[in-house]
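J.: Sequence:
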Amino acid sequence: MKKIIVSAILAVMLMAVSACGEKTESINVYNWGDYIDETVLEEFEKETGIEVNYDTFATNEDLYVKLKQGGSSYDVVFPSDYMIERMIREDLLQKIDKTKLTNLKEVDPAFLGLDYDKSGDYSAPYMWGTVGIIYNTTLVDDEVKSWDILWEEKYKGQIVMLNSQRDTLAVALKKLGYSLNTRSEAELEEAKEELIRQKPLVYAYLGDEIKDVVIAGEAALAVVWSGDAMVMMDSNEDLMYVIPEEGSNLWFDSMVVPKSAKNKAGAEKFIDFMLRPDISAKNAEYIGYSTPVTKAVEMLPVEIRESLVAYPTDEMIENCEVFKDPMDIISVYDRIWTEITSAE
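Residues -21 to -1, 1 to 323 in mature numbering (1 follows the signal peptide of the UniProt record, and there is no 0) are what the sequence shown lists, from first letter to last.
Don't read these hints as lab results, they were simulated from the structure.
Keep in mind that the hints are not guaranteed to be accurate.
[What the hints assert, rightly or not] Have a look at the derived ranges for each label pair, beta carbon to beta carbon: (1) Asp217 to Asp127: 13 to 23 Å; (2) Asp34 to Ala183: 24 to 34 Å; (3) Thr116 to Gly186: 21 to 31 Å; (4) Lys97 to Ile309: 38 to 48 Å; (5) Asn298 to Glu132: 39 to 49 Å; (6) Ile308 to Gly186: 19 to 29 Å; (7) Asp307 to Leu91: 41 to 51 Å; (8) Ser158 to Asp257: 18 to 28 Å; (9) Pro179 to Thr81: 13 to 23 Å.
By construction, the Cβ of each residue, glycine as well, lies at the ideal position given by its N, Cα and C atoms.
The whole structure should be built from the sequences, with the hints applied where relevant.
T.: Quick look at the structure:
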């Protein structure tokens, strides 16, 4: 009897050791902060059995540096248009097997084959939007229609700018009547001087923290992404959002698979899952940004799908531009940004 008991115990121990040795399939995902309804990650894990390891970044440049330096093994990342253009050129991405993306057919064709990935081989769209000005109607008594208002002395200490090299320079360039994709160093220098001149009026250069500051009424005006504006306006009825008449940035964030990915098949399952209408709608409603999935838009509450903040008219965005990769003059951008942020 003792031998039987010992043998049984040993068998259980061996089974436990064997179970511990089994590896669960997983993928590593790298996304913008506060840019997904995290319950969809749980749904994906439950439906597929694939564990999701989830990290976040603050800017496209942070993402680029992480991938360029190597040492990371992210399977899915979420860069913006111009960064995808750069990554394709530098051979940092793998082609996606589109036959595995059964939900790609749900995407509005207007969001496919755009300039940053004309073949559509490397990316699948996630969200899109604009950059504009959100303002508190109880604190601003002027009509808000131009970037010029961000240079008004009367709002000193109540203006928030984005802590983003590309977006903030774009504001000054558009204010001056230039393209936000200019390659002219002289025009970029003018934009720098405008931002340095504005700096004494600025409350702070912020990222995700902008939402809390604006909702609390600590700032009168702020440069924000449209999805963040939707979230803020939902929390504070005194807020309004405007795309300035000079034009702004029309942007697209997409899902891509880095060359360093260890689980491409798992990455493609995740991307396809994100394109599923019910999942895309859930993400869009949670984060406030605009989905490119047609059926997902139809699933959204009427106040969201009919919002001109989330889904502006063609006339509202006619002066907007999509960022192009500035890699040929990136050293100029870096120098100018350093001079702006270090200015007293």
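J.: Against each hint, give a clear statement of whether it holds in the structure.
T.: Structure-based check of each hint:
At roughly 22 Å, the beta-carbon separation of Asp217 and Asp127 lies within the given 13 to 23 Å, and the hint holds. Between Asp34 and Ala183 the Cβ separation comes to about 25 Å, which falls inside the hinted range of 24 to 34 Å. The supplied range of 21 to 31 Å is met by Thr116 and Gly186, whose beta-carbon atoms lie about 24 Å from each other. Between Lys97 and Ile309, the C-beta spacing of about 22 Å breaks the proposed range 38 to 48 Å.
Evaluation of the 39 to 49 Å hint for Asn298 and Glu132 yields a failure: the beta carbon distance comes to about 26 Å. Between Ile308 and Gly186 the C-beta distance comes to about 24 Å, which sits within the given range of 19 to 29 Å. For the hinted restraint 41 to 51 Å between Asp307 and Leu91, the CB-CB distance of approximately 27 Å leaves it violated. In this structure the supplied range 18 to 28 Å is violated for Ser158 paired with Asp257, their Cβ-Cβ distance being about 39 Å.
Separation of Pro179 from Thr81 is about 54 Å and departs from the stated range, judged on CB atoms against 13 to 23 Å.
Figure legend: structure checked against the earlier numbered hints; hints not met, in rising order: 4, 5, 7, 8 and 9.
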